[in-house]
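For reference, the chains in residue letters:
Protein chains: 4
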Amino acid sequence: MAALEFRSDNCGRAAPELIQALVSANEGSVLGYGGDELTKQLHAHLSELFEHPVKVFPVPTGTGANALALAAVGSPFGAVYCSPEAHINTSECNATSFFGSGLKVTPVHGVDGKIDPLALDAAISNAGKGQAHKNQPEAINLVQATDMGAVYSVSEVTAISQVARAHGLTVHMDGARFANAVATLGCTPAELTWKAGVDILSFGVTKNGGLLTDAIVVFNPDIAKKMGFHLRRAGMIWSKMRFASAQILAYVQDDLWLRLARQSNTSALAIANGIKNLEGVKLIAPVQANELFVEMNPKAVDALISDNVLFYRRGPNLFRLVCRWDTTQDEIAQLIALVDRHRLKR
Amino acid sequence: MAALEFRSDNCGRAAPELIQALVSANEGSVLGYGGDELTKQLHAHLSELFEHPVKVFPVPTGTGANALALAAVGSPFGAVYCSPEAHINTSECNATSFFGSGLKVTPVHGVDGKIDPLALDAAISNAGKGQAHKNQPEAINLVQATDMGAVYSVSEVTAISQVARAHGLTVHMDGARFANAVATLGCTPAELTWKAGVDILSFGVTKNGGLLTDAIVVFNPDIAKKMGFHLRRAGMIWSKMRFASAQILAYVQDDLWLRLARQSNTSALAIANGIKNLEGVKLIAPVQANELFVEMNPKAVDALISDNVLFYRRGPNLFRLVCRWDTTQDEIAQLIALVDRHRLKR
Amino acid sequence: MAALEFRSDNCGRAAPELIQALVSANEGSVLGYGGDELTKQLHAHLSELFEHPVKVFPVPTGTGANALALAAVGSPFGAVYCSPEAHINTSECNATSFFGSGLKVTPVHGVDGKIDPLALDAAISNAGKGQAHKNQPEAINLVQATDMGAVYSVSEVTAISQVARAHGLTVHMDGARFANAVATLGCTPAELTWKAGVDILSFGVTKNGGLLTDAIVVFNPDIAKKMGFHLRRAGMIWSKMRFASAQILAYVQDDLWLRLARQSNTSALAIANGIKNLEGVKLIAPVQANELFVEMNPKAVDALISDNVLFYRRGPNLFRLVCRWDTTQDEIAQLIALVDRHRLKR
Amino acid sequence: MAALEFRSDNCGRAAPELIQALVSANEGSVLGYGGDELTKQLHAHLSELFEHPVKVFPVPTGTGANALALAAVGSPFGAVYCSPEAHINTSECNATSFFGSGLKVTPVHGVDGKIDPLALDAAISNAGKGQAHKNQPEAINLVQATDMGAVYSVSEVTAISQVARAHGLTVHMDGARFANAVATLGCTPAELTWKAGVDILSFGVTKNGGLLTDAIVVFNPDIAKKMGFHLRRAGMIWSKMRFASAQILAYVQDDLWLRLARQSNTSALAIANGIKNLEGVKLIAPVQANELFVEMNPKAVDALISDNVLFYRRGPNLFRLVCRWDTTQDEIAQLIALVDRHRLKR
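The listed protein sequences derive, respectively, from chains P, V, X and L.
Numbered per the numbering used here, the first sequence spans residues 1 to 346.
Numbered per the numbering used here, the second sequence spans residues 1 to 346.
Numbered per the numbering used here, the third sequence spans residues 1 to 346.
Numbered per the numbering used here, the fourth sequence spans residues 1 to 346.
Here chain P stands alone, though its shape is the one from the complex:
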């Protein structure tokens, strides 16, 4: 049986528009390190998209974006609060502390991969602000969509930002799947970021049709000031920057990014609708972006694997499915049929 690919959005292809953008960008000589025309356009276009003057820093990976963003707003003595499931806490191999010279990642509980604002407020209040023994609360990391496939509403983001503001903390949004969240909420990018109190955003491109670049988008100009040095010492400023900027420009051109995100979101929702009421199948978090977290009997999960469905197993009876922008109707139908066939195995 041919494999069914649900491992990760990063297993997918790049959108052809981004490849084409690389072809088009490969004309003539231009200044390196971001001194080119495309990179200038990038700042202008994203400022328009976000309805706010922003600084944009293309970076190779989401981990780079997160770690550089947090290093720009945190200190060696600081604490960054995040969800226990947050990518920075589980999957970035101490990158936050590395870039942040010791900056500590501190989980705060919540549901569906979110931070609970009351728990956050309590954690900050009890952190011992001003005491040298204690690392100091400095930043919040929100993952949007969350690492459990849920989406923070605008008001949920705002609630957390208000806690942050009340204590003098900065708000970072890890938007590895920011497009999926905007597509789900139907809000503007501005409403979900700076208007809701976000200071700095890891703007995901790779998982949603990109190839080799993501970006940091900075809403607060003070934060942007030293960013060039952060990037440089991290080896994250491409000399041929035009090829990164061209990708991001193509990504946001004519709402491509939202169209791609809607495709993967719709696929995930179709799967959810196809399996959520089946006996033996349980979705453990809301399906609001392109990921599903599914519980089934271990034997049923084994059977899916045997049938060449590709996904990450998170435990004996838990697995994650991720849809890509180019996941097909046929793949979805096959997957649902296989889940249905195996779900009662025990």
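These are computed hints drawn from the structure, not numbers from a lab.
Hints are not guaranteed to be accurate.
Just so you know, same-sequence chains aren't split out, so a pair can sit in one copy or run between any two.
Simulated pairs of lysine-lysine, DSS-like, Cα-Cα distance not exceeding 30 Å [as the list claims (entries may be wrong)]:
1) Lys282 to Lys134
2) Lys129 to Lys225
3) Lys40 to Lys129
4) Lys299 to Lys134
5) Lys134 to Lys55
6) Lys129 to Lys226
7) Lys282 to Lys129
Based on these hints, arrange chains V, X and L on the given structure of chain P.
Frame of chain P; chains V, X and L shown alone:
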């Protein structure tokens, strides 16, 4: 007058073959983070190219390659010896110390951007090995071609490696312009690296027709062991790795990399031959790769700038010219004519 | 009313024997940085005390001892497991990550400030060993006595060491109150450390009659090899080392350290016995060293504060009492009387 | 023949006044971590001594003082300029980069261990301020007395501070032998520090009669703000701080520090006067503090060693002599006689 571009090789275009490789790689779903077929081929092809089993780690930039390579072989208490002109010493914004947790860059003199092996031996011998007060000699960084446009011969590399071996140090080659050096010397990649005592290589792609990736090539398997963790915490493992590997595969396919390097080398040599005997013009280093370092009267340099020749000025009477793989005969002829026209201005 | 001091053991005096040792050490000229005779004796005496050849590194503080010990056994990609209440997790301002170049502190639950060995085994097993995305399990940190005033038995230490060994991890004991633990258990220092699987110990002196030094004691010679460099770059090798070594020698001479610990332990037990059965008073952890964690009504706690009892309040109805080696019978009696007087206030 | 001790000032005894201060400080219970009365007095006394409100942070070692001071004024992207002979450059095992998260030590030439202000100005001017490729000039490190035994005059310090100010840099003075410099110059501590443009001082105690503490003295209150966190994460805040503060208070009481420094200075000068005109003997730097750098024939140096004169040899024909506060007239006389006896050996 149209601009004449001699600022940097990174101002140039990518080779069309590499762009085409991206188009070709964009088929189907593959495992992320280097689990794809192209990345597997990459290890095989470069092992063949280097006549040695190597580990290859694509990384976004040369600074990333250098800093990760040195962090993999140096400790927080260590010293890396390099030329005063070395890129790691002058242009990477403390990246070596950042990735190396304090690892110190220590210049040793020499000529034409090279390390003098006797000076190196003396520096290591007097470094206070084993004394806790002293940082400890751990690695050598050779830039090939050098930051002055010269090329280490195989025997010069060997001489330095022998000093390194005698003292238990590791040898890193910053090969941002490795292709240019191999093209000049006419040796094999193996002869210039592991056969000459090099343990780990920053394998430059970007400056010589690449877009968005360089690579670390590790000859010593012990060094490679922890490299994955180094890359991950540095945010330097692309999830869609196939698009990086595809570039590098295309780069070495059918000796493309050497053809491109020969083109830029030949251009530089043509300029050198056109101006070196002119009164008022002085080349301050051998032209053995694609860079020229030229001294002229300040007024003459001013005049070139006024005539829209683009280059980096290193002082009132010193400037650098860099040729690209696609520098044209016409550009060369125009440049020589302008130098000739202005050289006696004072 | 005169203040009753129960804030911390570090509020107390030094034992006169240690002061006298400084007077005695101040004779003649000796080599610096540990090249003196007293420091040589230190290694010999502690090797005898621990029935094992050990390396001893005097360091100014317990935080320094912990952070240097963990940096010596952990890597930038690593995780150190500890109790949520562990000093390294709550009170050292990111020191572990600082000295360990990003090394992450990862809490594992348990009771009374201890690590639960089953929870530890599960945490390590699920940590994703070998996956570059995940920081790698490298070390365990046990606090003895714990930060809740309890003591790990020898078999409890052994149980945790066995988990560590099974997974290839190193065991560090934060022995800020090691003397108190040994005094309580009546075992030998060897039984509680290397015989139970401990590789490296922060040997507390300051809290138990010291002035200005603690020490790192290394049982595993491989770990000790680079320690001198760790200390030096951390600015933690005193040039006049004899004055640190002299303190530690006096501390262990004729079992002084155990006599002092027994005094503070006995004081804590006397308080516990005096208040544990009183209505309105609750001890929330076993009193096995020199600390008590007491719950009373907020009003009752307020009243103690008003009566000039000095301690750290950990919440509205929770406070910590710490006994010193020189806490007096009279202080204990006064404290018990005041607790009794105020305990029913509400 | 009994040994003649000229290895280092840190081989010497503590002044009895400082030991006595420890005895006196060992009374009663006091708050830890600097909350005690002696530490409060310390701030007041040093503010008076320096005729300026200062913040004082006792730290265990001079390396700690230097590294913490520089980390407080420099960034991960920064450069600290110093003399090639400066202790931070030669003898602190990468501590500046460690504490400063990558902060780079950059030597600037001069004579007698000093920085040349013109060379400094040129280095900063050519450093590429504002360019992300370049680490950024942030601080100056002056060693007073220098590592060659010379002393910066007030006007020399001022000249360097003016360069620093003109470029927006901070001035740190490594005053490991600050007392010796003040004693030589006969100026006030204020004149040699903040009045001459120094922002932060490593105030040496250990080498000049101290035991286990030096101090950081901060003249610029902005710099002091985060110092507590720097110290805490570095494990450099003693819990029983009174015993450090007591040493420093005794050190400056009744000008003890200057009396001790005058003694060692006078001894060094006596040696200089005794040997400087002897054939075969050459002093390679001015003797303005308590150190002498002497050139003699290798055979002559060998003969001194054979006669049990203790010192550090810096090369076949170069050695350093250091006088202590308690170096005796007899030791001086013996040394001069031995130099005279052996100087013509070849």
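Tested hints:
In this assembly of identical chains, the alpha carbons of Lys282 and Lys134 lie at most 30 Å apart only when taken from different copies (27 Å versus 41 Å within one copy). Taking the closest pair of Cα atoms, Lys129 and Lys225 come within 30 Å of each other both inside a single copy (26 Å) and across two copies (14 Å). In this homomeric assembly, Lys40 and Lys129 come within 30 Å of each other (Cα to Cα) only across copies, at 22 Å, whereas the closest approach inside a single copy is 41 Å. Only between protomers do Lys299 and Lys134 lie at most 30 Å apart by alpha-carbon distance; the minimum there is 27 Å, versus 47 Å within a single protomer.
Proximity of Lys134 and Lys55 under a CA criterion of 30 Å is satisfied inter-copy only: 21 Å between copies versus 33 Å inside one chain copy. In this assembly of identical chains, Lys129 and Lys226 lie within 30 Å of each other by CA distance both inside one copy and across copies; the values are 25 Å within and 12 Å between. In this assembly of identical chains, the alpha carbons of Lys282 and Lys129 lie at most 30 Å apart only when taken from different copies (29 Å versus 42 Å within one copy).
Comparing the model with each earlier hint shows no violations; every hint is respected.
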